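Trainee: Order-wise, the sequence lines are chains A and B. With numbering that gives the first Met the number 0 applied, the first sequence corresponds to residues 0 to 523, in that order. With numbering that gives the first Met the number 0 applied, the second sequence corresponds to residues 0 to 443, in that order.
Simulated from the structure, these hints should not be mistaken for laboratory data. Hints should not be assumed to be uniformly reliable.
Said to hold, decoys possible - Here are the computed distance ranges between Cβ atoms for each label pair:
1. A:ASP114 <-> B:GLU413: 25 to 31 Å
2. B:PHE351 <-> A:LYS369: 24 to 30 Å
3. A:HIS309 <-> B:ALA412: 41 to 47 Å
What the hints assert, rightly or not - Covered by chain A, according to a simulated footprint, are these stretches of chain B (three or more residues, beta-carbon under 8 Å):
4. 126-137
5. 199-211
6. 217-226
7. 230-241
8. 249-262
9. 379-391
A quick note: this is a predicted structure, and the numbers were derived from the prediction, not measured. In this text, a Cβ means the ideal position worked out from N, Cα and C, and glycines have one as well.
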Amino acid sequence: MQGYLSLVLHAHLPFVRHPEHDKFLEENWLFEAITETYVPLIRTMERWLRDGMDTRLTLTLTPTLCSMLLDPLLQDRYVRHLSGLIELAEKEIHRTHWDKPFHDLALLYHRRFLDVRDSYFACGRNLVAAFRQFQELGKLEIITSAATHALLPLLANHPPSIRAQLLVARDHYRSCFGRDPRGIWLPECAYVDGVDIVLQEANIRWFVTDTHGILNARPRPRYGVFAPIFTPNGIAAIGRDLDSAKQVWSKNEGYPGDSRYRDFYRDVGFDLDFDYVKPHLPASDKRGFTGIKYYRITGDSPDKQVYDRHAALEAAADHAQHFLEARMGQIRRLAAILDRPPLLLSPYDAELFGHWWYEGPEFLDFFVRKAYYDQDVFTLVTPSEYLESHPTQQVATPSASSWGEEGYWRVWLNETNEWIYPHLQVAQERMTELARRFENPTPLQVRALRQAGRELLLAQASDWPFILRTGTSPEYARKRVKDHLLRFIALHDQLTRASVDAAWLGELESRDNLFPEINYRYWA
Amino acid sequence: MKPIKSSPRKKTAASPRRAKTASTKPSSSARAARRKTPAKEETAEATILAKVPAPAPPRERTRKAIPAIPPILLEDDRPLATHASGPGQRYALGPTAPSERLEAEGELPESYGTQQLLLAARDPHWLYAHWDLTREQQRRYNSLSTDGHLILRIYANSLRGRPAVEVHVHPESRHWFVYVNRAGTRYVSELGFYSGNGKWKTLSTSGATLTPPDTVAADTSVEFATIPFELPLAKLVSLVKEAVRENVPLAAALEELRVHGHPELPATKTPRSAAAWTPAQERALAEIISMDRVHRVWMGSLEITELIRRQFAEELVSMSAAQWTAPTSPPGAVGAISSPWGAGQPGKGFWFNVNAELIVYGATELTATVTIGGRPIRLRPDGSFSYRFALPDGQYELPVVAVSADQTDGRAAEMKFSRETEFRGDVGASAQDPQLKAPEPATL
Numbered sequence: 000m001q002g003y004l005s006l007v008l009h010a011h012l013p014f015v016r017h018p019e020h021d022k023f024l025e026e027n028w029l030f031e032a033i034t035e036t037y038v039p040l041i042r043t044m045e046r047w048l049r050d051g052m053d054t055r056l057t058l059t060l061t062p063t064l065c066s067m068l069l070d071p072l073l074q075d076r077y078v079r080h081l082s083g084l085i086e087l088a089e090k091e092i093h094r095t096h097w098d099k100p101f102h103d104l105a106l107l108y109h110r111r112f113l114d115v116r117d118s119y120f121a122c123g124r125n126l127v128a129a130f131r132q133f134q135e136l137g138k139l140e141i142i143t144s145a146a147t148h149a150l151l152p153l154l155a156n157h158p159p160s161i162r163a164q165l166l167v168a169r170d171h172y173r174s175c176f177g178r179d180p181r182g183i184w185l186p187e188c189a190y191v192d193g194v195d196i197v198l199q200e201a202n203i204r205w206f207v208t209d210t211h212g213i214l215n216a217r218p219r220p221r222y223g224v225f226a227p228i229f230t231p232n233g234i235a236a237i238g239r240d241l242d243s244a245k246q247v248w249s250k251n252e253g254y255p256g257d258s259r260y261r262d263f264y265r266d267v268g269f270d271l272d273f274d275y276v277k278p279h280l281p282a283s284d285k286r287g288f289t290g291i292k293y294y295r296i297t298g299d300s301p302d303k304q305v306y307d308r309h310a311a312l313e314a315a316a317d318h319a320q321h322f323l324e325a326r327m328g329q330i331r332r333l334a335a336i337l338d339r340p341p342l343l344l345s346p347y348d349a350e351l352f353g354h355w356w357y358e359g360p361e362f363l364d365f366f367v368r369k370a371y372y373d374q375d376v377f378t379l380v381t382p383s384e385y386l387e388s389h390p391t392q393q394v395a396t397p398s399a400s401s402w403g404e405e406g407y408w409r410v411w412l413n414e415t416n417e418w419i420y421p422h423l424q425v426a427q428e429r430m431t432e433l434a435r436r437f438e439n440p441t442p443l444q445v446r447a448l449r450q451a452g453r454e455l456l457l458a459q460a461s462d463w464p465f466i467l468r469t470g471t472s473p474e475y476a477r478k479r480v481k482d483h484l485l486r487f488i489a490l491h492d493q494l495t496r497a498s499v500d501a502a503w504l505g506e507l508e509s510r511d512n513l514f515p516e517i518n519y520r521y522w523a
Numbered sequence: 000m001k002p003i004k005s006s007p008r009k010k011t012a013a014s015p016r017r018a019k020t021a022s023t024k025p026s027s028s029a030r031a032a033r034r035k036t037p038a039k040e041e042t043a044e045a046t047i048l049a050k051v052p053a054p055a056p057p058r059e060r061t062r063k064a065i066p067a068i069p070p071i072l073l074e075d076d077r078p079l080a081t082h083a084s085g086p087g088q089r090y091a092l093g094p095t096a097p098s099e100r101l102e103a104e105g106e107l108p109e110s111y112g113t114q115q116l117l118l119a120a121r122d123p124h125w126l127y128a129h130w131d132l133t134r135e136q137q138r139r140y141n142s143l144s145t146d147g148h149l150i151l152r153i154y155a156n157s158l159r160g161r162p163a164v165e166v167h168v169h170p171e172s173r174h175w176f177v178y179v180n181r182a183g184t185r186y187v188s189e190l191g192f193y194s195g196n197g198k199w200k201t202l203s204t205s206g207a208t209l210t211p212p213d214t215v216a217a218d219t220s221v222e223f224a225t226i227p228f229e230l231p232l233a234k235l236v237s238l239v240k241e242a243v244r245e246n247v248p249l250a251a252a253l254e255e256l257r258v259h260g261h262p263e264l265p266a267t268k269t270p271r272s273a274a275a276w277t278p279a280q281e282r283a284l285a286e287i288i289s290m291d292r293v294h295r296v297w298m299g300s301l302e303i304t305e306l307i308r309r310q311f312a313e314e315l316v317s318m319s320a321a322q323w324t325a326p327t328s329p330p331g332a333v334g335a336i337s338s339p340w341g342a343g344q345p346g347k348g349f350w351f352n353v354n355a356e357l358i359v360y361g362a363t364e365l366t367a368t369v370t371i372g373g374r375p376i377r378l379r380p381d382g383s384f385s386y387r388f389a390l391p392d393g394q395y396e397l398p399v400v401a402v403s404a405d406q407t408d409g410r411a412a413e414m415k416f417s418r419e420t421e422f423r424g425d426v427g428a429s430a431q432d433p434q435l436k437a438p439e440p441a442t443l
């Protein structure tokens, strides 16, 4: 055993819940992720367990994601969504009757959707509890993230906001998992001075930064990115390994672009007759992704060939083998240079495995099995395990950095989205005023203070400026920021100048209903 | 929420708009070609006719030898008019009106009038500044300024001395992105103007911000600390607080305690002074990982999901623009176009694709059951239906049956079709919705 590998999957979705509409397009993000990523991951881990494997994996489940997974309304809607998918698959089985390749795929989807449904109900519709079980068995380390995934460096000039984002998250983690989080995925791996002192307060012991967050640390880390460093406040910072990232993420060289894999775009929601697919579309008035896709990437031309599941799984197995050998080679080479066993940290968005890259879960399964059975160069670990057995590390201050485009905060602060920050600035300061002002708030005032905190947290989500920058659903993102800020402003008004409108507050509470026990005093 | 790296745009599927020939009017060369060829033909014909006694006047020929391209094919692939039906919006709002009370009333305030100056570093060389002035405040200050607008001054470290950057900002602008030379530096800023007598007047000063470093540290000194993982940090903090002087951060404080021995701190295995580390080791490691490599990776296209998302958004935009029909189509109309891909590869020389589809459509009572070739068909809310089939060469029999809800009455139509194609020259099959099947009732 010459070194360690830590696989970290980061599962996050912004809080999207619209009880005021019967069906809402953006809620689909959750349903797709559950169907294609989270449940397949649970099923894979169940099989590892069944096979007696003592594997290790690390998984971020962000507070907003957990809130949605636990929400009964969204659970109901997910079941409805999944039933619709199963029905579509049945229709497809019927209509592709003469065409064997498509027919086989329709049967495959049907079976897979049924399996997902079985698993979902076997978990009691509670995926948080399902993941929790793996943690309690010691096979999975679940880590948290900031409450609403705010980009902490952009809150740096208002330390109470950083404190609130992190401590609310810590509290929520406790309520979901019955213990304190030991690690955290800072949103976008964005680190800045001022974060680690709050982590110290929360007793969160490690976080991830991008490669240059460690390489540019002061003083220079001796072991590069292959060992953690302790910040002066005693929190371990672990840097992303570049090679393992590139092999999976890279558009040109990365595995997911292989021509045998399923093509993301050729979805029946676009190809089939509109009336036929309409009941299964995410938005009933226009085409969109259903999740049933029949083609493989094939190549650059628009002519796609039929997806061949067997060939795709072979590709996944080949890639898993390649990835394994690359990691082994890397660790051997590093172990020869360093005077201690190297640690590779390989983080990925969880949704890459299954949603964007359909064969991702199988790749992961093959890789972990090969790593477990077929080699002894490295061991799979969780960062907490590693730090427990290797408590001595170099002390250095990580560089402020993120894993976003160009390595800092350009994505979240540019001409498309800068308008948000002045509003947040004022709202943040007002929240601190509110938190300090009420010595003995009435119950109604407490409710309003808590809701003000919720609205502020939701307005601070980094997802909105990100969406504005990438332009995928800009109107929705703009509306979310505006709605939450306006609600906050109204609550602030009612608490300071007028009186709290209980009926309106009740409606707000039923809609923006995350973090029921939020402690608004974190902003004080 | 997802990592992104800058990347050259590369499409995995051709944008439907680009795949189709899209020119809004015939190019002048095409027009010239049409003029040229008929002239040649007329000359040839004149020659022929000249040899033949022609009692009748010369037959009138069309001016164009090439068949006229119907204008519709030359139009851009945008729907000609906004859809009469369907919201056409990106966000599906359900049929029930959202609760009015909670919908955002009004707009966010343009400004809060605090005159506060916000300064934030965005990356090693860029700062963001915003000043919270109302329009009136801004106008007033602009008018007092000899330049007619405000000026933003950026200072390194503190407000003393000459500013590192002085930016004249647009009179109506309330924010600015400023380039600064030094990474890893503390900056503060000042907003003001030069008044009539040439004196500087400060309106507002910002807090400090720090640009991140963009190079490895020059300092290569090494200090280690041992932090027992199972002990809560609060406990470690309280241990050091009593024993060590103020303001020493935890890691360093722990090591000081350890040096002097502390009963509750487990002894560390690693000596406090670092083990020897040779330049050879340093070089070898630098070959494996360095900021150079990181930068090269940033330059390349790294992140798949971001690319997928950006491409996806673009695809959606061009796909929806390429839709010909409104989502709710009247009975009998083509439900939707087939896949936008596969319209032929431009640049391959002259080409021609053709294909055929069969649409069976009709209407009956809302509550009836309709089957086509034995397969139940869903009716639209008004009782109408339509169904598309691929129609390759062959003979087909298709029974279409409607049965009343109480199953006491029914009607049937036995339709028979045949297609038989003869090709002249290389003719391809136009891309067709691959999910369409030929109507083969025997195997349905």
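Trainee: Each hint should be assessed against the structure and marked as holding or not.
Mentor: Going through the hints against the structure:
no.: 1; hint: A:ASP114 <-> B:GLU413: 25 to 31 Å; in the structure: violated (42 Å)
no.: 2; hint: B:PHE351 <-> A:LYS369: 24 to 30 Å; in the structure: violated (52 Å)
no.: 3; hint: A:HIS309 <-> B:ALA412: 41 to 47 Å; in the structure: holds (43 Å)
no.: 4; hint: 126-137; in the structure: holds (count 3)
no.: 5; hint: 199-211; in the structure: holds (count 4)
no.: 6; hint: 217-226; in the structure: holds (count 10)
no.: 7; hint: 230-241; in the structure: holds (count 5)
no.: 8; hint: 249-262; in the structure: holds (count 4)
no.: 9; hint: 379-391; in the structure: holds (count 4)
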